[in-house]
Amino acid sequence: MTALVRYRLTTLLLSQRYLAPLLLFAALVTVLTSNDTGPLTAAHAASGLAMLLAATWLTMALAGLDDPPHRAVLTAATGGHRRLTTGTVLAALAACLPLAALGLLLPLLVGDHSPTAADLLLGVEVQLTCACTGAAVGLLTARPVVRRQGHGLLLALALLLVLTLGKGLPPVNLMLTRLSGHHRSADLVGSTALLLALAAVLLGTAAVVGHAVAVRRD
Amino acid sequence: MLLHCEAVGKRYGRGRWILRDVDLDLAPGDVLAVVGANGSGKSTLLRILAGLTRPTAGRRTGTATAQGASVGYVPDRFTAHERLTAMAYLTHLGRIRGLPTATARDRAGRLLDRLALAGGPDAPLRTLSKGNAQKVALAQALLVPPDLLVLDEPWSGLDASAHTALAGILAETAAAGGAVVFTDHREALARTHATAVHTVADGRVTRRADPGPGAPVVVVLTRRGGPDLPGVLDLPGFLDLPGVLAVERHGAELHLRVDRSRTDAVLLAALRDDWSVQAVTRPAPEPAPAAAEPAPAPTPRTTAR
Chain B
1 MTALVRYRLT TLLLSQRYLA PLLLFAALVT VLTSNDTGPL TAAHAASGLA MLLAATWLTM
61 ALAGLDDPPH RAVLTAATGG HRRLTTGTVL AALAACLPLA ALGLLLPLLV GDHSPTAADL
121 LLGVEVQLTC ACTGAAVGLL TARPVVRRQG HGLLLALALL LVLTLGKGLP PVNLMLTRLS
181 GHHRSADLVG STALLLALAA VLLGTAAVVG HAVAVRRD
Chain S
219 MLLHCEAVGK RYGRGRWILR DVDLDLAPGD VLAVVGANGS GKSTLLRILA GLTRPTAGRR
279 TGTATAQGAS VGYVPDRFTA HERLTAMAYL THLGRIRGLP TATARDRAGR LLDRLALAGG
339 PDAPLRTLSK GNAQKVALAQ ALLVPPDLLV LDEPWSGLDA SAHTALAGIL AETAAAGGAV
399 VFTDHREALA RTHATAVHTV ADGRVTRRAD PGPGAPVVVV LTRRGGPDLP GVLDLPGFLD
459 LPGVLAVERH GAELHLRVDR SRTDAVLLAA LRDDWSVQAV TRPAPEPAPA AAEPAPAPTP
519 RTTAR
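The listed protein sequences correspond, in order, to chains B and S. Mapping to our numbering: the first sequence position 182 is 182, numbers consecutive. With positions in the second sequence counted from 1, the corresponding number in our numbering is that position plus 218.
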């Protein structure tokens with residue numbers, strides 16, 4: 001599995017399709033949190049939103065890297081569709097990790113904060129929740145589930161709008177609402193951990209659905 | 219049984235049946251050719267055999283379907299858009315198949331050498347021509363000796379020397395106890411390299427009569443360094459090879475009667491064991507006493523070296 005993740009990440013790097021989501025992420029976080037002296041929870045909300053977009057984009061790029069003939073080669077080499085899907089999920093999460101670190105550090109660099117341990121822990125939870133949710137959206141809107149890129153893009157935008165704007169919808173909208181309402185990170189660490197677990201379940205479900213569709217279509 | 223397909227059918231959604239009631243068995247050493255017109259369902263059949271496509275109806279069982287079985291798949295169109303070099307790509311694929319990096323590099327290097335990849339192992343994949351990309355596609359399927367090797371139109375686009383290498387690879391895979399399935403639209407080519415030919419038409423798969431004229435071929439072998447030198451393959455050893463019907467010793471020569479369809483694999487095994495081929499003859503259909511007499515055999519075709 002390590003070898004598959006390594007291959008996926010290498011081809012993502014060489015294809016340079018990571019550049020656009022990375023730049024979008026860095027730009028959003030910098031613009032939304034620069035010269036910010038307010039509570040860190042607001043900065044977390046901003047970088048979480050950026051992570052949701054970037055994770056979706058990165059996962060769609062990863063899943064779309066191989067055309068169907070080469071996906072068949074990879075399926076035979078890995079020993080089945082299930083392992084291939086798992087590899088894509090792990091590669092997507094691995095690609096999101098550097099972004100999560102960036103999303104945690106950038107607000108501290110461009111703003112003026114004095115973070116506590118609870119602030120940092122909450123930040124990690126927010127980043128991972130958004131990474132998992134974004135990866136789930138990406139899996140459901142890229143090959144092999146949605147074969148046409150244009151349709152996938154529209155579907156991804158619709159899903160992201162629902163997730164961010166749907167009032168009180170867990171995990172993303174609920175988390176963003178709480179982050180903008182509360183200013184003490186320590187109060188939110190527990191409830192955000194639950195939302196992170198929910199996001200992980202969402203990602204798992206998306207992987208199972210993606211796998212089932214791939215098997216039916218192939 | 220390596221692979222056993224029972225009443226396998228495939229259709230997408232509620233569309234027409236692409237394949238129906240396919241019964242097919244593959245044993246170790248089999249080389250199966252699948253011929254049929256474009257769009258007849260050859261590729262779908264191959265993908266089902268390789269385990270890439272789940273059949274809508276029927277069952278696919280056998281040791282090749284078990285977890286950990288090595289299945290090599292060569293698609294008809296290998297598009298390598300990446301900036302990876304051929305060597306880096308094959309090393310990645312070898313690692314994905316569970317090889318250590320050094321072993322993967324070593325295997326990849328030897329396979330690319332054998333297939334004579336133009337531009338060398340460090341050519342980026344996207345710069346390769348169709349034939350050379352096909353060689354990389356072939357190499358990735360052989361990084362681990364496959365239990366089941368499935369090739370979709372492997373002969374198209376390959377140059378003459380790669381044709382020879384591919385024929386050798388197919389025979390070796392079969393001789394090592396693997397099974398090979400390949401498609402081609404040229405039936406003569408299929409007959410030359412396969413132990414059985416199946417045709418696909420109207421969603422049905424039917425087995426053709428055994429390829430070749432049926433009469434066994436006589437292979438005359440001598441051993442460099444004298445007949446008494448102990449080798450891995452000797453009189454009893456040859457009898458164990460699939461396709462060898464009888465072995466007789468005539469002085470310094472061994473005369474093998476070999477099933478027409480297995481000649482390549484037997485010759486390959488003999489050559490690798492330091493035997494030298496004196497003659498390959500096809501005796502007259504009736505009767506077949508040619509095995510008793512060496513060189514001037516009363517045959518229409520005699521090749522000697």
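Take these hints with a grain of salt, some might be off.
[Unchecked claim] Pulled a few chain B residues facing chain S out of the computed Cβ check, cut under 7 Å:
#  : residue
1  : Leu4
2  : Tyr7
3  : Leu12
4  : Gln16
5  : Thr37
6  : Asp67
7  : Pro69
8  : Ala72
9  : Thr75
10 : Ala76
11 : Ala77
Please keep in mind that the hints were generated in silico from the structure rather than gathered at the bench. Glycine residues also receive a C-beta, built at the ideal position from the N, C-alpha and C atoms.
Going through the hints against the structure:
For B/Leu4, the interface hint holds, since its Cβ comes within 7 Å of a Cβ in chain S; the closest pair sits about 5 Å apart. Look at B/Tyr7: its Cβ gets to within about 4 Å of chain S, closer than 7 Å, so that hint holds up. Hint status for B/Leu12 relative to chain S: violated, with the closest Cβ pair at about 10 Å, above 7 Å. Given the 7 Å rule on beta carbons, the hint for B/Gln16 is violated: about 9 Å separates it from the nearest Cβ of chain S.
A cut of 7 Å between beta carbons decides the hint on B/Thr37: the least distance to chain S is about 45 Å, and the hint is violated. Proximity of B/Asp67 to chain S holds as hinted, the smallest CB-CB distance being about 6 Å (cut-off 7 Å). The beta carbon of B/Pro69 comes within 4 Å of a beta carbon in chain S, closer than 7 Å, and the hint placing it at the interface holds. This hint holds: B/Ala72 has a C-beta 5 Å from the nearest C-beta of chain S, less than the 7 Å allowed.
With 7 Å as the threshold, the beta carbon of B/Thr75 comes within range of chain S, its nearest partner Cβ sitting at about 5 Å, so the hint holds. For B/Ala76, the shortest C-beta to C-beta distance to chain S is roughly 4 Å, which falls under 7 Å, so the interface hint holds. Residue-level restraint check for B/Ala77 holds (minimum Cβ-Cβ distance to chain S is 5 Å; threshold 7 Å).
Violated hints for the displayed structure, listed by number in ascending order: 3, 4, 5.
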